[in-house]
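Visitor: These are the residues of each chain, in order.
Number of protein chains: 6
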Amino acid sequence: MSKLSHTDEAGAARMVDVTAKADTARTATATGRIAMNDAARTAIAEGSAAKGDVFAAARIAGIMAAKRTSEIIPLCHPLPLTGITLDLALDATGATATATVRTSGKTGVEMEALTAVSAALLTLYDMLKAVDKHMTIGDIHVSAKAGGKSGDWTA
Amino acid sequence: MSKLSHTDEAGAARMVDVTAKADTARTATATGRIAMNDAARTAIAEGSAAKGDVFAAARIAGIMAAKRTSEIIPLCHPLPLTGITLDLALDATGATATATVRTSGKTGVEMEALTAVSAALLTLYDMLKAVDKHMTIGDIHVSAKAGGKSGDWTA
Amino acid sequence: MSKLSHTDEAGAARMVDVTAKADTARTATATGRIAMNDAARTAIAEGSAAKGDVFAAARIAGIMAAKRTSEIIPLCHPLPLTGITLDLALDATGATATATVRTSGKTGVEMEALTAVSAALLTLYDMLKAVDKHMTIGDIHVSAKAGGKSGDWTA
Amino acid sequence: MSKLSHTDEAGAARMVDVTAKADTARTATATGRIAMNDAARTAIAEGSAAKGDVFAAARIAGIMAAKRTSEIIPLCHPLPLTGITLDLALDATGATATATVRTSGKTGVEMEALTAVSAALLTLYDMLKAVDKHMTIGDIHVSAKAGGKSGDWTA
Amino acid sequence: MSKLSHTDEAGAARMVDVTAKADTARTATATGRIAMNDAARTAIAEGSAAKGDVFAAARIAGIMAAKRTSEIIPLCHPLPLTGITLDLALDATGATATATVRTSGKTGVEMEALTAVSAALLTLYDMLKAVDKHMTIGDIHVSAKAGGKSGDWTA
Amino acid sequence: MSKLSHTDEAGAARMVDVTAKADTARTATATGRIAMNDAARTAIAEGSAAKGDVFAAARIAGIMAAKRTSEIIPLCHPLPLTGITLDLALDATGATATATVRTSGKTGVEMEALTAVSAALLTLYDMLKAVDKHMTIGDIHVSAKAGGKSGDWTA
Numbered sequence: 001m002s003k004l005s006h007t008d009e010a011g012a013a014r015m016v017d018v019t020a021k022a023d024t025a026r027t028a029t030a031t032g033r034i035a036m037n038d039a040a041r042t043a044i045a046e047g048s049a050a051k052g053d054v055f056a057a058a059r060i061a062g063i064m065a066a067k068r069t070s071e072i073i074p075l076c077h078p079l080p081l082t083g084i085t086l087d088l089a090l091d092a093t094g095a096t097a098t099a100t101v102r103t104s105g106k107t108g109v110e111m112e113a114l115t116a117v118s119a120a121l122l123t124l125y126d127m128l129k130a131v132d133k134h135m136t137i138g139d140i141h142v143s144a145k146a147g148g149k150s151g152d153w154t155a
Numbered sequence: 156m157s158k159l160s161h162t163d164e165a166g167a168a169r170m171v172d173v174t175a176k177a178d179t180a181r182t183a184t185a186t187g188r189i190a191m192n193d194a195a196r197t198a199i200a201e202g203s204a205a206k207g208d209v210f211a212a213a214r215i216a217g218i219m220a221a222k223r224t225s226e227i228i229p230l231c232h233p234l235p236l237t238g239i240t241l242d243l244a245l246d247a248t249g250a251t252a253t254a255t256v257r258t259s260g261k262t263g264v265e266m267e268a269l270t271a272v273s274a275a276l277l278t279l280y281d282m283l284k285a286v287d288k289h290m291t292i293g294d295i296h297v298s299a300k301a302g303g304k305s306g307d308w309t310a
Numbered sequence: 311m312s313k314l315s316h317t318d319e320a321g322a323a324r325m326v327d328v329t330a331k332a333d334t335a336r337t338a339t340a341t342g343r344i345a346m347n348d349a350a351r352t353a354i355a356e357g358s359a360a361k362g363d364v365f366a367a368a369r370i371a372g373i374m375a376a377k378r379t380s381e382i383i384p385l386c387h388p389l390p391l392t393g394i395t396l397d398l399a400l401d402a403t404g405a406t407a408t409a410t411v412r413t414s415g416k417t418g419v420e421m422e423a424l425t426a427v428s429a430a431l432l433t434l435y436d437m438l439k440a441v442d443k444h445m446t447i448g449d450i451h452v453s454a455k456a457g458g459k460s461g462d463w464t465a
Numbered sequence: 466m467s468k469l470s471h472t473d474e475a476g477a478a479r480m481v482d483v484t485a486k487a488d489t490a491r492t493a494t495a496t497g498r499i500a501m502n503d504a505a506r507t508a509i510a511e512g513s514a515a516k517g518d519v520f521a522a523a524r525i526a527g528i529m530a531a532k533r534t535s536e537i538i539p540l541c542h543p544l545p546l547t548g549i550t551l552d553l554a555l556d557a558t559g560a561t562a563t564a565t566v567r568t569s570g571k572t573g574v575e576m577e578a579l580t581a582v583s584a585a586l587l588t589l590y591d592m593l594k595a596v597d598k599h600m601t602i603g604d605i606h607v608s609a610k611a612g613g614k615s616g617d618w619t620a
Numbered sequence: 621m622s623k624l625s626h627t628d629e630a631g632a633a634r635m636v637d638v639t640a641k642a643d644t645a646r647t648a649t650a651t652g653r654i655a656m657n658d659a660a661r662t663a664i665a666e667g668s669a670a671k672g673d674v675f676a677a678a679r680i681a682g683i684m685a686a687k688r689t690s691e692i693i694p695l696c697h698p699l700p701l702t703g704i705t706l707d708l709a710l711d712a713t714g715a716t717a718t719a720t721v722r723t724s725g726k727t728g729v730e731m732e733a734l735t736a737v738s739a740a741l742l743t744l745y746d747m748l749k750a751v752d753k754h755m756t757i758g759d760i761h762v763s764a765k766a767g768g769k770s771g772d773w774t775a
Numbered sequence: 776m777s778k779l780s781h782t783d784e785a786g787a788a789r790m791v792d793v794t795a796k797a798d799t800a801r802t803a804t805a806t807g808r809i810a811m812n813d814a815a816r817t818a819i820a821e822g823s824a825a826k827g828d829v830f831a832a833a834r835i836a837g838i839m840a841a842k843r844t845s846e847i848i849p850l851c852h853p854l855p856l857t858g859i860t861l862d863l864a865l866d867a868t869g870a871t872a873t874a875t876v877r878t879s880g881k882t883g884v885e886m887e888a889l890t891a892v893s894a895a896l897l898t899l900y901d902m903l904k905a906v907d908k909h910m911t912i913g914d915i916h917v918s919a920k921a922g923g924k925s926g927d928w929t930a
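Chains as they are written, first to last, in our numbering: chain A, 1 to 155; chain B, 156 to 310; chain C, 311 to 465; chain D, 466 to 620; chain E, 621 to 775; chain F, 776 to 930.
Looking at chain A on its own, in the form it has when it is part of the complex (with noise of 0.2 Å):
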């Protein structure tokens, strides 16, 4: 049967010994989009061109996010991210973001490129909610991932 590393043979939860592991150069990218109508979709199109600070905000929000997701997830252990991107892109339903983290740590950083894409996306939905309504963020998961001991994969 799968064992849960993150809690102990009670049930309880606690953060993991990864003090033994060694420090090394570890990626994620994680990806996640948000569904909107075309009032929205326009609203942000006509914003870019005109400077508009809607995508920039949310690229913030998520590389800010990114840094504080030890304070965001109870069990994810502090990590010295040493590099973030965001990419936003709007197409013909809504907008995809795309969020690398990089780290020279003990443990991956999935959890913290699924955060920066999560606050990014939030980010729009607030921005964007005058506008419509009934937006929906979905298909938030990690994308690819090098570095540590699981080796190196893309989804």
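Be a bit skeptical, because a hint or two may be false.
Below, a list of computed lysine-lysine pairs in the PhoX-like style, where the Cα atoms sit at most 25 Å apart [to be verified]:
| id | chain 1 | residue 1 | chain 2 | residue 2 |
| --- | --- | --- | --- | --- |
| 1 | B | Lys176 | A | Lys133 |
| 2 | D | Lys486 | C | Lys331 |
| 3 | F | Lys881 | D | Lys598 |
| 4 | F | Lys796 | D | Lys598 |
| 5 | F | Lys924 | F | Lys881 |
| 6 | F | Lys881 | E | Lys641 |
| 7 | B | Lys304 | B | Lys261 |
| 8 | C | Lys331 | C | Lys416 |
| 9 | E | Lys726 | C | Lys443 |
| 10 | A | Lys106 | E | Lys769 |
| 11 | B | Lys176 | D | Lys571 |
| 12 | C | Lys416 | B | Lys261 |
| 13 | E | Lys726 | E | Lys769 |
| 14 | F | Lys796 | F | Lys881 |
Restraint-style ranges between C-beta atoms, simulated for each label pair [what the hints assert, rightly or not]:
| id | chain 1 | residue 1 | chain 2 | residue 2 | range |
| --- | --- | --- | --- | --- | --- |
| 15 | D | His599 | F | Asp783 | 21 to 29 Å |
| 16 | C | Thr334 | B | His289 | 46 to 54 Å |
| 17 | F | Ala795 | B | Ala175 | 48 to 56 Å |
| 18 | D | Lys614 | E | Ala775 | 52 to 60 Å |
| 19 | E | Ala645 | A | Ser150 | 17 to 25 Å |
Source of the hints: derived by calculation from the structure; they are not laboratory data. Keep in mind that this is a model prediction, so the values were computed, not measured. Note that CB positions come from ideal geometry on N, CA and C, so glycine has one too.
Start from chain A and add chains B, C, D, E and F according to the hints.
Guide: Then chains B, C, D, E and F, alone, in the frame of chain A:
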């Protein structure tokens, strides 16, 4: 054309002025889910039976994140939240999170409910990623809202 | 049997709904102490005479922690604190911290006063641990409370 | 002789008791500037033209810092901010930041406006330090204030 | 006479310079307890049996607070914690919390362990205060320490 | 033309990738000052003599803010700070703050030193604003830097 209240005419981000609005009772409910494989579902199910902290950790994470929404989402107003519940339910293909947030304040609490759901689902992802590396978080949306000038509605 | 307001019938944690409660003036006083050896007591006493920052640092730490109580304690309601004092007194076997916290809000401020006292005592511990490795923090309790439906009382 | 409200008769720091004060609409505007060389000014100017995030990042940083003022400044009261704007303007010798903060609360919002300006200017410094190692931030002051018992004024 | 490392010769607070120290594996264990009446003990005991979140919430609160120790205690160094466990045990007169914190860093983790214990006990207080208004938190101390130049010891 | 490392070719903000850089000892010193009237200067001077917490509060605020620099400034890398001192000096027209910050990390600590100085001066402003409504904070700059690839220098 639609106007975004979070940016001014030049496209610059701002936190909208709501000083003159009255404090009224407001509620918002948001939901979302995480799809996972059988090993992950079994790990939760067994853990729950055995007093495991998996759902408890996710619930606490969601409640705590809701209270910090205005720190995570750049243009959100800080609000004195007056109630938060976060329900988690395991089903055939994963788990669903539903958060209801209340305030007596000048703006709605959709973002707080969405943030609670996001943090709870990210916490589940974190605790289960050792048994399923390919989970997806999705279908995050507001399902009901009450109070404020836009009136009550259910999605 | 006693009912815990912070958990529902199924035992799930929640932040209790206080939306309908009125904002009223509330005060709580908490106290606690740290027992230390003579070397530590002398270090404070001499420092105070010489403008040392030991008590000042502990006082500031307690005041700042009180303001962040709802971030530290999962089910605490965020409250707009309207006044905080934190007194520290050196005596024959250690030091006593007493915090009084005020708000005009929907719930009491015991937790804020207890958190202020705890943070102040932990700060003293931190600053003195080089001269006493075996200090003990204790006797932390609420000593007085005013406002709210449970009425005024002094321990 | 002048009395400092933030310290008691013995000189101990405290957060002043404002419980009995009424919640009233309050506004404060603060300004400040950063002096930089031509290379830095050109970098911003070109970036702006090309949709660069320099000013956007500084604006978001200022807005977010304003909301956290009471965490940064020890004796500041937490206030439910109801509006924040942050304007940035490039000129012949650098850039000027101007923040206007609003609340409906018991104390003024000068510190929030000053904190917003400081964080925005520090963010500009951070983003431009690769092209100018010798920038100076200065002339940070409150330029206007409205509401509260001390009345309206403009510097 | 003993010297406090956290203040300079003039008594001014500082964060001690540990730049030149090596990163080594360090562990600290702290403990503390909360005394409560029978009604409160019964509420926990029943809740546990029924999957209640009382201990889970306290455990999560302690783990999360440990990670934020350097934000709460002014002169604490930020450390990349590599492991945290927090045990809670109910007994005849209350409950005991024991936290073990690990890092690979330049300073010890006593303060992190003490902070975890304090936050866990405060969370129990918060969740139980409706059934016992007169609980006391005490006997908070470091019980064991390993690594670093002062060597291993157990209280 | 100069390139800004914090934005990519399209102008999008990012946290620069420093994964491959070595951890080296780094120090930065920043300074700044606040100009105030005689009443404010006297209030500090008398307070200091009388064990007042004015400078102590500002010092603690600066030290604590330095540790949170990467939360306040969007694109700053989180760094494990290994030492912080913050000196405050009263003179004929106001007070000067000087912060020295150390780390063993992959990037410099100018922003941490500048943030410490800014928070300390804002705290002085807050504590003195009751006696001088027209203070100005200025001349904030980096005065010395050591370590890292750009070499040592003093302004």
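Visitor: For every hint, state whether the structure bears it out.
Guide: Evaluation of the provided hints:
Proposed proximity of lysine 176 of chain B and lysine 133 of chain A is supported: the alpha carbons are some 20 Å apart, at most 25 Å. Proximity of lysine 486 of chain D to lysine 331 of chain C is assessed by CA-CA distance (about 20 Å); at most 25 Å being required, the pair is judged to hold. Proximity of lysine 881 of chain F to lysine 598 of chain D is assessed by CA-CA distance (about 18 Å); at most 25 Å being required, the pair is judged to hold. A threshold of 25 Å between alpha carbons decides the hint, and for lysine 796 of chain F with lysine 598 of chain D the separation of about 20 Å falls inside it, so the pair holds.
Distance check on the hinted pair: lysine 924 of chain F and lysine 881 of chain F sit about 10 Å apart at the alpha-carbon level, within 25 Å; holds. Taking the CA atoms of lysine 881 of chain F and lysine 641 of chain E, the gap is about 17 Å. The hint holds against a cut of 25 Å. Under the criterion of a C-alpha separation no larger than 25 Å, the hint pairing lysine 304 of chain B with lysine 261 of chain B is consistent with the structure, at around 10 Å. A hinted pair counts as satisfied when its Cα atoms are at most 25 Å apart, and lysine 331 of chain C with lysine 416 of chain C qualifies at roughly 6 Å.
Between lysine 726 of chain E and lysine 443 of chain C the alpha-carbon distance is near 18 Å, which keeps this suggested pair within the 25 Å criterion. For a cut-off of 25 Å, the pair hint linking lysine 106 of chain A to lysine 769 of chain E stands: about 24 Å separates their Cα positions. Of the supplied pair hints, the one linking lysine 176 of chain B and lysine 571 of chain D holds, its CA atoms being roughly 17 Å apart against a limit of 25 Å. Taking the CA atoms of lysine 416 of chain C and lysine 261 of chain B, the gap is about 16 Å. The hint holds against a cut of 25 Å.
Between lysine 726 of chain E and lysine 769 of chain E, the direct Cα distance comes to roughly 10 Å. Compliance with the 25 Å bound is thereby established for this hinted pair. The suggested pairing of lysine 796 of chain F with lysine 881 of chain F holds, with an alpha-carbon distance near 6 Å, which does not exceed 25 Å. Between histidine 599 of chain D and aspartate 783 of chain F the CB atoms are about 26 Å apart, so this pair conforms to the stated range of 21 to 29 Å. Checked against the given bound of 46 to 54 Å, the beta carbons of threonine 334 of chain C and histidine 289 of chain B, roughly 52 Å apart, stay inside it.
The given range of 48 to 56 Å is respected by alanine 795 of chain F and alanine 175 of chain B, whose C-beta atoms sit roughly 53 Å from each other. A C-beta distance of roughly 54 Å is found between lysine 614 of chain D and alanine 775 of chain E, which places it inside the suggested range of 52 to 60 Å. Distance hint check: the CB atoms of alanine 645 of chain E and serine 150 of chain A are about 23 Å apart, consistent with the given range 17 to 25 Å.
Violated hints for the displayed structure: none, as all numbered hints are satisfied.
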